[in-house]
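Asks: Residues per chain are reported as follows:
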Amino acid sequence: MKQEYNFSRRFFLKTSSALGALAFIPKGVKAFYEEVKNFIVPKKEQLPLTISINKKSYAIKADTRTTLLDLLREDLNLTGAKKGCDHGQCGACTVHIDGERVLSCLTLAATVPGKEVTTIEGLANGDQLHPMQQAFIECDGFQCGYCTPGQIMSAVACVKEGHTKSVAEIKEFMSGNLCRCGAYNGIVESIQKVAAQ
Amino acid sequence: MRPFLFSKSSAINQALAKKNNTTQYIAGGTNLVDLMKKNIAEPESLVDITSTLSAKIEPTAKGLQIGAMVRNTALANDATVMAKFPLVSKAILAGASPQIRNMASTGGNLLQRTRCPYFYDVTTPCNKRKPDSGCSAIHGENRMNAIVGYSEQCVAVHPSDLCVALAALDATVKTQDKSGKTQSIAFKGFHRLPGTTPEKDNNLPANALIHSIELTENSFAKNCAYVKVRDRDSYAFALVSVAAALNLKGNQIVEARLASGGVAHKPWRWFEAEQFLKGKTANAANFEAAANIAIKGLKPLSHNGFKVLMLKGAIETALQQCLNP
Amino acid sequence: MGFFDEPYDLPTAADGRVEGVAKVTGGGKYAAEYKVDGLCHAVLVGSTIAAGKIKSFNLDNAKQVAGVLGIITHLEKPLVPGLADEAKIKEARLGLAVFHTDKIFFKGQPIALVIADTLEDATYAASLVTAEYEKEPAKLDFELALKNIQLTPAGKDRGNIEALNSAPHSVEAEYNIKAEVHNPMEMHATIAEWKADDKLKLFDKNQGVNNVQRTFAKLFNIPVDNIEVISEFVGGGFGSGLRVWPHALACIMAAKLVKRPVKLMLTRPQMFHSVGYRPAAWQKIKLGANADGKFVGIHHQAKNGTSVYENFNEGITRVTRLIYHFNNLKAEAATVPLNLSTPTWMRGPGDCTGDFAIESAIDELSYKLKMDPVALRMKNLALEKHPDNGLPWSTNYINECIEKGAQMINWKDRKATHSQTIEGDWSIGYGMAVGAWNAGRGTASAGIQMQKDGTITVQTAMTDIGTGTGISMQNIAHESTGISKSKIKIELGNSNLPPAPSQGGSNGLSSIGGAVVAAVSALKLKIAEYATMQNEAFKNAAAADILLSDTGVSFKTTNNHFISYTSLWEKNNLNILEVEASSGPGAERQKFAFCSSAAHFCKVRVNRKTGKVKIERLVTVSDGGKIISEKAAANQMSGAAVGGIGMALMEEQLTDERLGTLVGNDFAGYHFPVNADAPIIEVAFINKPDPNINPQGSKGLGEVGIIGTAAAIANAIYNATGKRLRDLPITPDKVLLA
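Chains as they are written, first to last, in this note's numbering: chain A, 1 to 197; chain B, 1 to 325; chain C, 1 to 738.
Everything labelled a hint here was simulated from the structure, so no lab data went into it. Computed from a predicted structure; not experimentally measured. It cannot be assumed that every hint is accurate.
[Stated by the list, open to error] Beta-carbon label-pair distances, calculated as ranges:
(1) Ala-173(C) - Ala-168(A): 33 to 39 Å
(2) Lys-165(A) - Asp-157(C): 57 to 63 Å
(3) Asp-132(B) - Asp-157(C): 55 to 61 Å
Every residue gets a Cβ at the ideal spot worked out from N, C-alpha and C, and that includes glycine.
Start from the sequences and build out the full structure, keeping to the hints where you can.
Replies: Structural data, given as structure tokens:
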């Protein structure tokens, strides 16, 4: 088997790009780049919504397109939930809905009424930091801090879900939260600390 | 994102009445909202069906019925699923992230669209996104694409892990359409190959929705495994994945199931390899022989020849893991 | 002084960073998060071709979107005085003078900017803008294009490279590294507000507020002081914030056009072509040694990609001149213009790339010599002086890094030949590599404000991109004043504060530390000056003799001269006592050479059936002089090691060579390590001060953490499997096919 498929990717890169240039004439490619000229632009739709965030009720009028993340950041000045990709690929926007960790960037605000949203701003008890927040400070579980609110919301859920039996389990169940600074040592340590309490 | 009307429906008939070809249902939203942000899906109205469909996992005479609204996490953690269909649980936990699994529905998982990078880049031709515009991947950066079952029009792969397990276990998809008609579609017939209509991912009838998934009790609960090879250890789509399940009598294989993700436009069953394993002794030599049968005749693209070797290794690994689950 | 728009008065938690509470509560404000009245949103539109010219636009559909306030293109735009004509554009050296050309240099190049009341409207309208182009052939294939580019000397030759031909043992090989993208978690963003026709306020993500300030002062022809740049919280940079990029200018132009504050945040796909990246690189190394392992010499050739509108030479061969004795050395380099955006410095720029090739080649040579790679390196280290300029190292403990690392990972467990340890489908191996970085220092300023209660606020314009600048400033201020940490506040990341260089090249702490020490001295002298009015003994006292405490001032030697701050403030009618001081490099730079260094050790498991590589252990030992903040420093090093895992195993930005598209330009397509990809990184420091580099004796760490990591991993893969992988990243497919 190995001999049969023992070609490098680079070899194919060369041959395919040369061949590709000739072979690559998709029939509709011209049509693809021609936009419809008489396009009718639809009007935006707005909805009155009552949303509960950190146990506070907000009566708002929102664009149907508005995500929970943009609602928090742009309209309610709750900027703790972060936008790191806006496509569910990084976890920086993690919040809790009815106690479970979810991605606010893929949640339409219109789907949230009737549920309880908890953001990083609602985690501390007044001046008293949540044990996970305290642990992140003590274990230096961050550098730039941008992914941190998402990490902490996820970490709180990770402990609650009971996924803390080993370093490997913590790492797997925290892998939905990317940290480009690579502060994974401190993040794992923070979770171990809180799980042990 | 294009503006759209939003409504919720609490009953299935109500939801179906609202459905037409400019309306889309939203459940978990983990794929649809993403596609709408990319202007790939541009519905004129959205119907929220999270309180329309069942979120229950219920026993049936022959096995288990999973409501379409059961979230991926709930399905993976369900005690009956873990006891009787652990392959389902393993596959789910190999996919996405805890947050996405908390959001994503079972029905939505079946309907998620390909992750081919050209499908996602609206500045490039893609027959799946825009019929007859061309396929950028077939002679492009197709490392993640198909090695079997593709066509000149499309070389995309189906991204789901759950579906690979459901394919291996011969699940049934139950649908309901506007007229109230229900259908049971065998899993292997649910997703499509691209052929000349790559814009169609599956055979869900027009204006119908997935009502539930049914699983029939089997003898694969004890010896099954899900192996997923990816560029990073978690939160990545499969290069190749393998769902393997063995019904063993002592050391003899009574029946085997083998399915893969990351290789085709639909979850792919390796029927010949399954057939080969039937009646054989469960050992490394037979596993390797089965893997060799599976990879025979595969036609990798310019940048994904490695998938053939990787698939062979993943099949062997998965079968071996079935013995020590 | 209230420069924070929204001050928060949360307490600093003990045992953590100064900004810790702000970061864990979501209270800290990053560039796009400030509440500004009347704010509207701007979204960029990118070109859909890679090379050519814009013929026309169709803006009609976008203009129909309710809420659209304006659209900027090169045809319709507000005046930027510094780009008013071709000569000025050239002089501005912006790279891409956004909206000032009809030429298209790369796919995704901004061609229009849509401004609307809401983000939803701006985003939708931007999706409706289309353009007609005159297409030209694009140069997109790095590996093809590099063949026609001539190498030129990179620095002076040493000895004669012909000596390599008679070396008894040699290695000659090529190395290829795919482009990598910084991708800090915070996407670059700017909020621009024109306070008056000639007064500008910016909330901006960058790594140097003064650089941003100077750039826009010039472009808009207004005094530097009329621009305030606020970058208090910066969500990572890794080099992407060291330049001023087109989107920031676009945002400022938009604010001018609509006469309202405008926010522009790049999308994640835009991040891949808007703020630089580490360019693709090709290298060739020829390395020779005598039978005893002594290096004969090295021939290092390197080419890196650049854009067609700007030349970026990464400096790949710089590190070749730094670590080892090579009596015969030849280094050559070239850049390869492509229809891509301009690359820029990314963590360990140049050295990270060059070091991978050198350290891989040395490892390969060690097997030929049948010599332990640790011993081979120890034999050839240039420990006394910089091999190029001949200056003695101020300090260089790279040998100690190696020794300590070897001990930590139990290097003696490593097998001398490959493929010796097998567990089921897994092969286990060990590898190591070293890295070094010219340790720099810039001139920086710091200010101190002291209150009657003895509280001090230490200030600088320097940013803290996550490296721990704030906590380190607090630690230095604490050590040099004696005042408790709880009474030391830190303010940074604002151009109104004392100026500082950009935070890059591992120069941040090295530069600002001296400034803090200088400001403390100024504070002591100022206090002594006031104290003299009460007690003549303080007259002409030297800063070194003055002791500060939480409550007052006294003499170091004779403490009977204690004066409380309260009485000092009252007697002198003081409100706030303010000092500012600068500090920078001096004559020591002519006497010594300076470097930071690190040794990386790795234990891997490689799955023979799937090609999967699992890093089981990763040990990083570094010499960064005196460690000022141990936790933050360790975090830097472990984070850099995680970056090294990404470079080694998964990071690659692919370009479609027909379409110019960056393939998979998001976090589903571009992989960097998740938590599960990294083991708990084991970090140690030599922690010996460098007495000459700066007053605090610390050398920068940011770069050395990643220089060498990828080679250590690749070398471990060889030890495990016998597969020598010279192209990065080493994804499972490459392991299988090798």
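Asks: Holds or violated: the 55 to 61 Å window for the beta-carbon distance between Asp-132(B) and Asp-157(C)?
Replies: Distance hint for Asp-132(B), Asp-157(C) holds at roughly 59 Å.
Asks: Holds or violated: 57 to 63 Å for the Cβ distance of Lys-165(A) and Asp-157(C)?
Replies: This hint holds: roughly 59 Å between Cβ atoms.
Asks: Can the suggested window of 33 to 39 Å be confirmed for the beta-carbon pair Ala-173(C) and Ala-168(A)?
Replies: holds (36 Å)
The structure shown violates none of the earlier numbered hints.
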